[in-house]
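Trainee: Quick mapping for you: the protein sequence lines, in order, are chains A and B. Position one of the first sequence corresponds to residue 67 (the working numbering), numbered consecutively onward. Position one of the second sequence corresponds to residue 7 (the working numbering), numbered consecutively onward.
Honestly, I wouldn't trust all of these hints.
Unchecked claim - Covered by chain B, according to a simulated footprint, are these stretches of chain A (three or more residues, beta-carbon under 8 Å):
id, segment
1, 163 to 170
2, 265 to 273
As the list claims (entries may be wrong) - In silico DSS-like pairs for lysine-lysine, Cα to Cα no more than 27 Å straight-line:
id, chain 1, residue 1, chain 2, residue 2
3, A, 195, B, 674
4, B, 283, A, 175
5, A, 119, A, 195
6, A, 155, A, 195
7, A, 411, A, 310
8, A, 195, A, 152
9, B, 449, B, 540
10, B, 540, A, 152
11, A, 310, A, 195
12, A, 152, A, 122
13, A, 119, A, 152
14, A, 310, B, 94
15, B, 449, A, 175
16, A, 175, A, 152
17, A, 155, B, 674
18, A, 119, A, 155
19, A, 411, A, 195
20, A, 119, A, 175
Treat the hints as calculated values from the structure; they're not laboratory data. Yeah, the Cβ is synthetic: ideal placement off N, Cα and C, and Gly gets one too.
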Amino acid sequence: MNANPIAPLAPDALYVFVFGPGYGESVVLRIPPAHWVVIDGCRSSSFSSYPAKLLKDFGAHADILVLTHPHLDHAAGLDGLLDDWKGHKVGCCEPIVENVDEMHPNAQKAVEGLTVKKVLSRIQSVWRKREDTRWPLCRGTLQAVGDARLEVLHPDEEALRTSSVNGLSSPILIEWHRVRLLLGSDLELPGWEDVAASRSDLARHHLLKLPHHASDNGRHEAVARRDAAWSPPRFWIATPMNRKWKLPQFDDGQGLAQWLEHEPEVHLTGLPEPYRSMSLPPWITDRRRVLLEGRPPPQDSIPGLPGIIPDRPPRETLDHFIMAAFSRDGQRIDVRHGDGAVVIKA
Amino acid sequence: MQSLFPDEAVEELEAHLTTGAERRPALKLLGSPGSGRTTVLDRLGERLQGGGRPVIRVTPSGDWDSGLGIVLQLAAHMASLGEDRAYKAVRDPSRLWEDKVEAVREAAEALAPRRPILLIDPVDSVYRERPHDDFPATGCLEDAWQLVFRELHWSRLVAASRDRPSASTYRLQSVHPGASWLRTSAWGTLAPAADRLASEGEEALGDLSPLDLRLMVALAELEGAPFAARKVRDPIYRPVSLLALRVAGDPLYVELKRVWARLALVRTPFDRELLQKIGAGGLGERERDLLERCLLSRRGASYVLHPILRSVLRSEPFRDRPWLDPVEARSTHELLRNDHRERRDRLRAGAVSPPREAVLHHAEAFHHAQAAGDMAGAMELRLGFIEELDALGRSLSEHWRRRGEAAQVFEQVLSIDPDHAYAHHYLAYNLDIEGRDPDRVEKHYRRAVEEQPEHPWWHSRWIRFLLTEGRSREARRAFGAAMAELAPTEPHRSSFYRQLHLEVARMALHRMDLELAGEVLDLVPAGQREDLTKYGPLARRLRVLREVQQNGAVFPAWMSPDAWWQGPHLFQRDEPELGHLRGWCSARVDGTDPEAEIVRFRVARPPAAEGAAPTYGWMEVGFEALDRLRARDCPSARELTEDTFVELAWFARNGSDEAPVTQVRIFKPAAPEALPRIFPDPDRYLRRWRAGEDGRLA
Chain A
67 MNANPIAPLA PDALYVFVFG PGYGESVVLR IPPAHWVVID GCRSSSFSSY
117 PAKLLKDFGA HADILVLTHP HLDHAAGLDG LLDDWKGHKV GCCEPIVENV
167 DEMHPNAQKA VEGLTVKKVL SRIQSVWRKR EDTRWPLCRG TLQAVGDARL
217 EVLHPDEEAL RTSSVNGLSS PILIEWHRVR LLLGSDLELP GWEDVAASRS
267 DLARHHLLKL PHHASDNGRH EAVARRDAAW SPPRFWIATP MNRKWKLPQF
317 DDGQGLAQWL EHEPEVHLTG LPEPYRSMSL PPWITDRRRV LLEGRPPPQD
367 SIPGLPGIIP DRPPRETLDH FIMAAFSRDG QRIDVRHGDG AVVIKA
Chain B
7 MQSLFPDEAV EELEAHLTTG AERRPALKLL GSPGSGRTTV LDRLGERLQG
57 GGRPVIRVTP SGDWDSGLGI VLQLAAHMAS LGEDRAYKAV RDPSRLWEDK
107 VEAVREAAEA LAPRRPILLI DPVDSVYRER PHDDFPATGC LEDAWQLVFR
157 ELHWSRLVAA SRDRPSASTY RLQSVHPGAS WLRTSAWGTL APAADRLASE
207 GEEALGDLSP LDLRLMVALA ELEGAPFAAR KVRDPIYRPV SLLALRVAGD
257 PLYVELKRVW ARLALVRTPF DRELLQKIGA GGLGERERDL LERCLLSRRG
307 ASYVLHPILR SVLRSEPFRD RPWLDPVEAR STHELLRNDH RERRDRLRAG
357 AVSPPREAVL HHAEAFHHAQ AAGDMAGAME LRLGFIEELD ALGRSLSEHW
407 RRRGEAAQVF EQVLSIDPDH AYAHHYLAYN LDIEGRDPDR VEKHYRRAVE
457 EQPEHPWWHS RWIRFLLTEG RSREARRAFG AAMAELAPTE PHRSSFYRQL
507 HLEVARMALH RMDLELAGEV LDLVPAGQRE DLTKYGPLAR RLRVLREVQQ
557 NGAVFPAWMS PDAWWQGPHL FQRDEPELGH LRGWCSARVD GTDPEAEIVR
607 FRVARPPAAE GAAPTYGWME VGFEALDRLR ARDCPSAREL TEDTFVELAW
657 FARNGSDEAP VTQVRIFKPA APEALPRIFP DPDRYLRRWR AGEDGRLA
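Just chain A, same shape as in the assembly (with noise of 0.2 Å):
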């Protein structure tokens, strides 16, 4: 694979690039003729932050950037994209700061915890430095790009003032000409409730980030339903949580499956499994042969115990991508898979 395996890009086309390593996600946009959008951000042990590495690769910096809440999977790398910072936005969410520091008797968690508030405190001190790129993340608060426009649907005022953290997150509407793009975030149910009662046309896009890494919870009938006046063909894309419970679940009934009865594929940027584990070339497959061949073989026994899958060796390019293009018309143009990148039909 060349060093950038996407350029080059047709010049007025709505470009999507939607990142998930297995922890982590992060959605890049390229407006026509050049203005570029980051909306969270995320590493892995190849990358300190993979929007920063596509928007080197294409010698381009961003116009704005959003942090749709404040968790490390939505919020690592972005401070280096701050740095001299010269965009137009940055839009942030209620910035929920964690008591943690590196006195926790777990460094992981400290890790975790410290790096978001780093990013936090980069954003406060850019919007300090330059008014004019605050951007309070709350419903219907829009922001002009290009020729698109991005549209705040969460929180409203009382969920700012009750959420957990991911009832804090920002979905976020994009429109640019007949396209229209529904970014997720992690909102969960009680929050797509709110949403969805305040606007009825959530189902009509062509492209979705699945909300919260397509768990049960994520999902709305307001979003995945068909809805009989929208002809377009939907695209969907979901990032993986390779974490504790790891998401999206593939058995029959949960979440996979759950949105799986409305379109006939859903697009993984990865599978819930360890990151350096999974950088295969991409895989187009069902749900169930995921779950009976979607993970690697252990390696390394243990007496009595199944074996260790060993981590492989940083990569160089960027992986775990699924990008997508749009004309003005809204037909989708070209559609690409990096490695570890899953597609999986009903």
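Chain A is fixed; fit chain B onto it per the hints.
Mentor: Relative to chain A, chain B alone:
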């Protein structure tokens, strides 16, 4: 160097100052504390008064304002001699320190034909207790010495206990009255103790000064004469320290301790009226005797608590356990402020005293107002030095935690002297602590660095502010600028690395700027690292965070990275029930799935050979399999919680064909190695943002 007893010293110094001083106009009377230097100066002053030449006595406070006091008293004296230009300049609040010194210099030149004689009281405590180097009044003291010892063409004599300032020196021999003095002096209720001490310590007592003898009598009264006699020759503890320890540790002497501590705040001779106000009237007879016959000295009609009885309360082990709580300290300072202000007013109204006396009380009133954190009172009592405002701001900020008022004070300094680096820095710092107005914080931190780039602390706080804001790239540039400015001339003192490198590295660790933290710590020379106690913990935590960021945590945070691969940590190499160790690994529970009955581990095996890297990976184990392998005291797999750290080790019997047996044990949770606390709270701006207190961010 000529050694003289006090009587001889008075004679010799008088002769020298009146006849021979033209050749060597600067003299120093060197003597240990309690040797009688002040008494010599008192007597000398009285004798010189009749000689037709102006005699000017200057009494530095031995505190932060010593330099200001020298210049002020000098100017006030000269005013009383008819030369008042310097006094007007010194009292002019719009004139900067350098102007005031210059005015004093010019006035002194004008007076030189009258051949004044300048006597300066003991200055030993000045050198021992001066504030941090960054405090501008410290520089004022240096300037004052420069003026009186290098530039004035007057005859002058300073009493000192150390080499500085350099001048032609006479050594004052202490008078050692010996045991017989104990028997003949008036000791009141302490007489039996003094008598027993004289008997028990006859010979050894001959080496003690009168002050130390009095303290030993007190010790004999409190601890018994045999104990005191044994301690006379103690090479470690001086009598004053022994006595302070005794009084501090016994609840019987709580009132004496309180009065001693309150008197330690008094910097000038005082009368019985003040002694009563301080609380001496409430003491019982025995405690009153201890106070008046042992702790206090008489100077004419006044009392004095010797500086060593003041300074001992500011030294270890009392520094961290003050004898007065803040409320009582403040009330004492307020009492002293009022007392000195009243005395000043009485002197002014009566106009029977030279200005110097009123000015002395005025300066003391200001000192106590600032020490009490009385901003309004201190402002009203200012004598006209910017450095007084520095002290007031410092007191409000450091002692009374009233950052907003401190900031106001430093703003006032800058309204007079816009280039005052100290005020720029501490205005920024006080705003910064509160997490308020970061625009101004940034502006004034920057200005402090620009005005005084040779100051490591100004750079350090500026860089830490940048890190607090997450501005890594700027912080790196600022650190580079600091090194470019400071490194070429820095004599590699440990304080330099402590103030700059360790402080910056600490904040960089907190902000996960691990690359910067590493670079900064690498610049601390190897020879300095052992002396810097914070270096080791910072370097170790950096290694932990780097490894965790790169590979994830598999060891508990309390374990030093040096020990990581020296395992196993929870097993012996030979376990009686398991056999001989064949292998081990360390792991962290990343998550459990109770429905699938699986525990997921982040796991690492130690390097296979010297110089090789450890092997990291993931492992999923079913509850049932894990429960078969757990040690007896381990919770069941279902009970394992996220972020539990475990060790797995497998064993086999030597010579046996049996398959190895694996066991799992759990690391007990514990706090990691302590790191220096970060102050101010690094999340202060975020907290204000979250609380909606930063209006612009809402």
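Trainee: Please write out, lowest number first, the hints stated earlier that are contradicted by the structure.
Mentor: Numbers 2, 3, 4, 9, 10, 11, 14, 15, 16, 17 and 19, in rising order.
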